[in-house]
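Produce the complete structure using the sequences and hints provided.
Numbered per mature numbering (1 follows the signal peptide of the UniProt record, and there is no 0), the sequence shown spans residues -23 to -1, 1 to 702.
Keep in mind that a hint or two might mislead.
What the hints assert, rightly or not - Below, simulated DSS-like cross-link-like pairs (lysine-lysine); rule was C-alpha separation at most 27 Å, straight line:
#1 Lys26 - Lys156
#2 Lys114 - Lys90
#3 Lys615 - Lys457
#4 Lys682 - Lys436
#5 Lys650 - Lys682
#6 Lys604 - Lys572
#7 Lys633 - Lys682
#8 Lys604 - Lys553
#9 Lys94 - Lys44
#10 Lys436 - Lys650
#11 Lys434 - Lys114
#12 Lys634 - Lys436
#13 Lys26 - Lys196
#14 Lys234 - Lys44
#15 Lys269 - Lys26
#16 Lys643 - Lys633
#17 Lys45 - Lys112
#18 Lys436 - Lys676
#19 Lys604 - Lys615
#20 Lys232 - Lys276
#21 Lys434 - Lys196
#22 Lys647 - Lys682
#23 Lys196 - Lys138
#24 Lys44 - Lys114
#25 Lys156 - Lys138
#26 Lys44 - Lys156
#27 Lys457 - Lys604
#28 Lys231 - Lys156
#29 Lys634 - Lys572
#30 Lys434 - Lys647
#31 Lys634 - Lys682
#32 Lys643 - Lys676
#33 Lys634 - Lys650
#34 Lys94 - Lys436
#35 Lys112 - Lys434
#36 Lys232 - Lys280
#37 Lys615 - Lys553
#38 Lys276 - Lys234
#39 Lys682 - Lys643
#40 Lys615 - Lys633
Simulated from the structure, these hints should not be mistaken for lab results.
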Amino acid sequence: MAYLKMPIALLALFICLEGTAFALNADGPGSALANQMVEWTFTSTRPYKDPFNQIELNVTFTTPSGKKLLVPAFWDGGDIWHVRYSSTETGIHHFSTVCSDSRNTSLHAVAGKVEIKPYVGTNAFYLHGPIQVAKDKNHFEHADGTPFFWLSDSWYMSLCKRLKWSEEFNTLTQDRVAKGFNVVQVVAGLYPDMGAFDERSANEGGFPWETNFTRINPKYFQAADQRIAFLVDSGLAPCLFGAWGYYLPWMGEKKMKQHWRYLVARYGAYPMFWCIAGEATRPWYLSNTRAKDQAQLLKSWTKVTRYVRQVDPYHRPLSIHPPIELGRQQVSDPNLLDFEMLQSGHDDRASVPYTISLVRRSRSSSPRMPTIDAEVCYEGILGNCEADVQRYMEWRCLLGGTAGHSYGANGVWQINQRNQPFGTSPGNNNWGNTCWQEAMRLPGSGQMGLGRHILEKYKWWEFDCHPEWVSQDSSEGSFKWGNWIWSPDAESAFAAPSGRRCFRKSFTLTSTSQITQALLHLAVDDNAEVFLNGTRLGGLVGWNPYRELEVTSLLKSGPNILAIHAVNIQSGTTQKNPAGLLVNLDIHFNDDSRKQIVSDASWFCSEQESSGWQDANFDDRNWTSAKSLAEPGQGPWKILTSPNYHLNPGAAGIVKKIRLIYLATKAPAKVEKLEAGINYRATFINPQNGNSASAGIAKADADQKWTIPTRPPQSKDWLLLLEAE
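Here you go:
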């Protein structure tokens, strides 16, 4: 941004308008547009050895209606200070500076004014105003009352230099805008999964603080400014995490308050969300005094939260991010929060029950506030949590009453570069090395935006949660497992060498036109990647519950190949180390016949991963036959649990007007408590691509029920929309 020198202490006045800086005339009233950030620059003529720690500068703004706002200014290095301001009120706004050193006439009692004019343009944040909590305490809205549907992506480390400005940052931004995201979760430099002053946290300006947290480093935030402004101008509201929780004991409460005052001063004039801290009460990963640390973190973060409440003149929506629990448990006074963030785990389907439980607890707790599951099952994390899990989490949260949803992709949140992955955490965890360019294209991200698009066709903010509107048979369809198999060097089901193994099974289909459904069931000890006809289906970790994948569209007439790359991890004990792979591919035809491909000794395996080994035309004649180890239910694996046992349906809507039901499985289901005399137009919607198909007319029977027809074969999970005629 350019700065225009003026012949008074007020050196420059400009506005950031759609990414461009415009100088304003300080001798006249000056002008800016409603809801856009306008900035004044001041130069101190009085020298200070350590201005950041020695003085404090605020500016009192008086709006045309007479409202007064005390806006903090920020030090930007040397003798330079800035104040940033925005307002929904049009008209003349007056200001006067207040410096803690009243003798400094270049910073104290400097007066001026600016005219705020109506915004003309298409950016929703400028057109409708910044975001606030709606009066119903259930959802967000713009300042003019326009509902705001939160759809966030997690870019925790995106202010670091691994995501290069501007080309790479712009690429990721435009991809997310195109997919329908409108919020980005960003950490202000004090990142998770690393210690203080780890080189991975730096950007072009260095670290956010100088060594030992002596003072803020303005150069870091000057580099961050470009990114924050670009997000806002692109239609993405930053949800700024001040720090990860464990930094507070290292910095102390005073420094953390200074950090937050700086963030409010620098970015509060933008349409922001504040998150006080990530995993606020979780101690440093290697702490030996966790209980003591957790208690102190609760007290200290409560004080910091209260301070931010006091110093933010705009009252931007504020929350705090928890470890695996409720956000309100991170502070001793939940009334300090505007909305509640949750974190419900990254354990694939095993996270489902806890996710549903947390949402229900949040929605039934007091004080009432909007709920967002801010972190759940990042797509691809540890090779797990694929797109189907993303859809289930989103729809169960939304139909459970949340005000939107937060998505994350492993590789994006920590900004893995293709040749420079993030690496390991202090506890020696590595969440995966997928680069952000590939993670950006994972299918779940587009399906999250589709969910927002579907809901925004209706008055989603008036929807109430109604789980009683749907019931579903929890019984599983029957299929026949094969045997647990591994390579021939496995001594038994209880003992096998560690390492990687490649497995292949070829089969032929005369025609695919008669196939109605194909479900692939898998279990592995310890993890695997699965390919069908060269297409990667996803990752698999663990054997209980087993995994079920819809693969109908990937089958083809003629030769087919099912290829699995399995890994047996070295046991950390002296006990024997089991390894095994269990498979069933269940293909249904329209004449009610079936073809089942199962794991047995007819599979081929190899310790070597040769080029093209996943393809049907690969020559596997030199591979060895797999070894059959145990029947299902035998060996160390016992009885397998269905992955669908907790995938219950969800429902929400407006009584007598509209019902939206999410069905995660194709098990028989019924709509419940239908009103007599009302006919509903029923439509199936595919949550993967938005395609729809008529489901007929839903009418209540004598028991106020309606049996849901068989869902189309194109997807395992479906939305059912009922609209009153």
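Cross-check of the supplied hints:
1. Lys26 - Lys156: violated, 49 Å
2. Lys114 - Lys90: Roughly 36 Å separates the two Cα atoms, so the pair is violated.
3. Lys615 - Lys457: holds, 16 Å
4. Lys682 - Lys436: Distance of about 25 Å is within 27 Å: holds.
5. Lys650 - Lys682: Since the Cα atoms of Lys650 and Lys682 sit roughly 6 Å apart, the hinted pair holds (cutoff 27 Å).
6. Lys604 - Lys572: Satisfied, since the Cα-Cα distance of roughly 23 Å is no more than 27 Å.
7. Lys633 - Lys682: The hint holds at about 14 Å.
8. Lys604 - Lys553: Given that 27 Å is the threshold and the Cα spacing comes to 18 Å, the pair holds.
9. Lys94 - Lys44: Answer holds: Lys94 to Lys44 is near 17 Å, not above 27 Å.
10. Lys436 - Lys650: Satisfied, since the Cα-Cα distance of roughly 22 Å is no more than 27 Å.
11. Lys434 - Lys114: holds, 22 Å
12. Lys634 - Lys436: holds, 11 Å
13. Lys26 - Lys196: Holds - the C-alpha atoms of Lys196 and Lys26 are around 18 Å apart, at most 27 Å.
14. Lys234 - Lys44: holds, 26 Å
15. Lys269 - Lys26: violated, 38 Å
16. Lys643 - Lys633: Given that 27 Å is the threshold and the Cα spacing comes to 26 Å, the pair holds.
17. Lys45 - Lys112: holds, 23 Å
18. Lys436 - Lys676: Within the cut-off at roughly 23 Å; holds.
19. Lys604 - Lys615: Judged against 27 Å, a Cα distance of about 19 Å means the pair holds.
20. Lys232 - Lys276: Satisfied, since the Cα-Cα distance of roughly 16 Å is no more than 27 Å.
21. Lys434 - Lys196: violated, 44 Å
22. Lys647 - Lys682: holds, 6 Å
23. Lys196 - Lys138: With a Cα-Cα distance of about 13 Å, the restraint between Lys196 and Lys138 holds, given a limit of 27 Å.
24. Lys44 - Lys114: holds, 25 Å
25. Lys156 - Lys138: Status holds; Cα separation ~25 Å.
26. Lys44 - Lys156: The given pair, whose Cα atoms are some 39 Å apart, is violated under the 27 Å limit.
27. Lys457 - Lys604: With a Cα-Cα distance of about 19 Å, the restraint between Lys457 and Lys604 holds, given a limit of 27 Å.
28. Lys231 - Lys156: Distance of about 41 Å is beyond 27 Å: violated.
29. Lys634 - Lys572: Since the Cα atoms of Lys634 and Lys572 sit roughly 44 Å apart, the hinted pair is violated (cutoff 27 Å).
30. Lys434 - Lys647: Holds. Lys434 to Lys647 sits at ~25 Å (cutoff 27 Å).
31. Lys634 - Lys682: holds, 17 Å
32. Lys643 - Lys676: Holds, because 21 Å separates the two Cα atoms, which is no more than 27 Å.
33. Lys634 - Lys650: Measuring from Cα to Cα gives roughly 13 Å; hence the hint holds.
34. Lys94 - Lys436: Measuring from Cα to Cα gives roughly 31 Å; hence the hint is violated.
35. Lys112 - Lys434: holds, 22 Å
36. Lys232 - Lys280: holds, 12 Å
37. Lys615 - Lys553: This hinted pair holds, its Cα atoms lying about 17 Å apart.
38. Lys276 - Lys234: holds, 14 Å
39. Lys682 - Lys643: Distance of about 18 Å is within 27 Å: holds.
40. Lys615 - Lys633: Roughly 48 Å between the alpha carbons, so the hint for Lys615 and Lys633 is violated.
Of the numbered hints stated above, those contradicted by the structure are hints 1, 2, 15, 21, 26, 28, 29, 34, 40, listed in ascending order.
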